[in-house]
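Chemist: Please work from the sequences and hints to get the whole structure.
Residues 14 to 273, numbered by our numbering, are exactly what the sequence shown covers, in order.
Keep in mind that a hint or two might mislead.
Said to hold, decoys possible - The following label-pair restraints were derived from C-beta to C-beta distances:
#: 1; residue 1: R189; residue 2: G83; range: 28 to 36 Å
#: 2; residue 1: E270; residue 2: L111; range: 25 to 33 Å
#: 3; residue 1: S65; residue 2: A179; range: 12 to 20 Å
#: 4; residue 1: S65; residue 2: T129; range: 41 to 49 Å
#: 5; residue 1: S65; residue 2: E154; range: 32 to 40 Å
#: 6; residue 1: A101; residue 2: G233; range: 22 to 30 Å
Think of the hints as simulated: they come from the structure by calculation, not from any bench.
Using N, Cα and C, we set each Cβ at its ideal position, and we do this for glycine too.
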Amino acid sequence: MKIGKSTIPRTAISTSNEHSITVRGEDLCSDLIGKINFGDYFSLLLTGQRPSSSASAVLDATLVAIAEHGFVPSVQASRMTYAAAPDALQGAVAAGILGCGSVILGASETAGRFFTQIDELVQDGLPLPHAALSITRKWREAGQAVPGYGHPLHKERDPRVARLFAVAKEAAADLRFVAIAEAVEQVIPDVVGKDLRLNVSAAIPAVLLGTGFPLRALRGVPILARTAGLIAHLAEEAEVPSGFALSYQATRELVYEGGK
14 MKIGKSTIPR
24 TAISTSNEHS
34 ITVRGEDLCS
44 DLIGKINFGD
54 YFSLLLTGQR
64 PSSSASAVLD
74 ATLVAIAEHG
84 FVPSVQASRM
94 TYAAAPDALQ
104 GAVAAGILGC
114 GSVILGASET
124 AGRFFTQIDE
134 LVQDGLPLPH
144 AALSITRKWR
154 EAGQAVPGYG
164 HPLHKERDPR
174 VARLFAVAKE
184 AAADLRFVAI
194 AEAVEQVIPD
204 VVGKDLRLNV
214 SAAIPAVLLG
224 TGFPLRALRG
234 VPILARTAGL
244 IAHLAEEAEV
254 PSGFALSYQA
264 TRELVYEGGK
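Modeler: Here you go:
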C-alpha cells in the first residue's frame, strides 16, 4: 500500500560500490578518515557541507558543554538498565536517550523554535525588546513554559552560558540569537513574575542558530553529546556498580498508598 508521495527511497548522504565509499560527495577513505574531526564530520553528514571554522568551534563547544551532567534521570535509567542487562550496552544507552524530551535534553530544540519566532518579528521590523516581550507573552498565555530559562541549581546564569557565548564571540559567529536570548531574559520577570536566568538549553540554540545550524536538528546535539556521557557512565558502571544502589534508594523511601 502506497503511503506518501514518493515510491522511490532516496538519500544524498552516502553510497558505496565494490571499490569505494562516498559520503556527501567525498571519498570516505581518501578525503575524510584521518582528515576531519568528528564534530565537523557530523556537520558534513547533517548539512552536506563542511562547516566554517566559526561553525566548527561553536558546535564543538556545545557538544562539550552538554555531554555530562552528573546522575540526572537519563543517566540513572541507563545505569540501572545496564545493571539489569550488562550484556546489552546498546540497550542501556538507548534507555538514557529515550528520556530526551521537553525537560531533559529536548529543551534546546524548543528554545530554538521560540527564538526563531522572535527573530521573524525582528526581521519584519519590530524592535527586539518588543518582539521578545510579544512572543514570551504569547507562549505564557498558551500555558507554555519559557524554554531554556531557570535551573534548579544555578539560580544565577548557568555557568556554561557565559562560556558558550564567549566561544561564539571569539569565533566571530553571528550573535543575533544570543541577543534574542538575552532580551528574553530581560522581559521574563514582567511576564512570568520570576527572575529566571538563561541555562545551557537556551545557550545551545542561541549560539548554533547564528552559525546556520539547522533548527530541525537542534535536538540531535544534546542527544549526540549525551551519548558520549552515557557510554562513560556505563564503562564506570561495569567497574563501580551503582545501578542497583540507585534502585534500592528509590524503593527505600517508597510509600504504598493502595488498599490491602
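Chemist: Does each hint fit the structure? Answer for all of them.
Modeler: Each hint tested on the structure:
no.	hint	verdict
1	R189 x G83: 28 to 36 Å	holds, 32 Å
2	E270 x L111: 25 to 33 Å	holds, 28 Å
3	S65 x A179: 12 to 20 Å	holds, 18 Å
4	S65 x T129: 41 to 49 Å	violated, 21 Å
5	S65 x E154: 32 to 40 Å	holds, 39 Å
6	A101 x G233: 22 to 30 Å	holds, 23 Å
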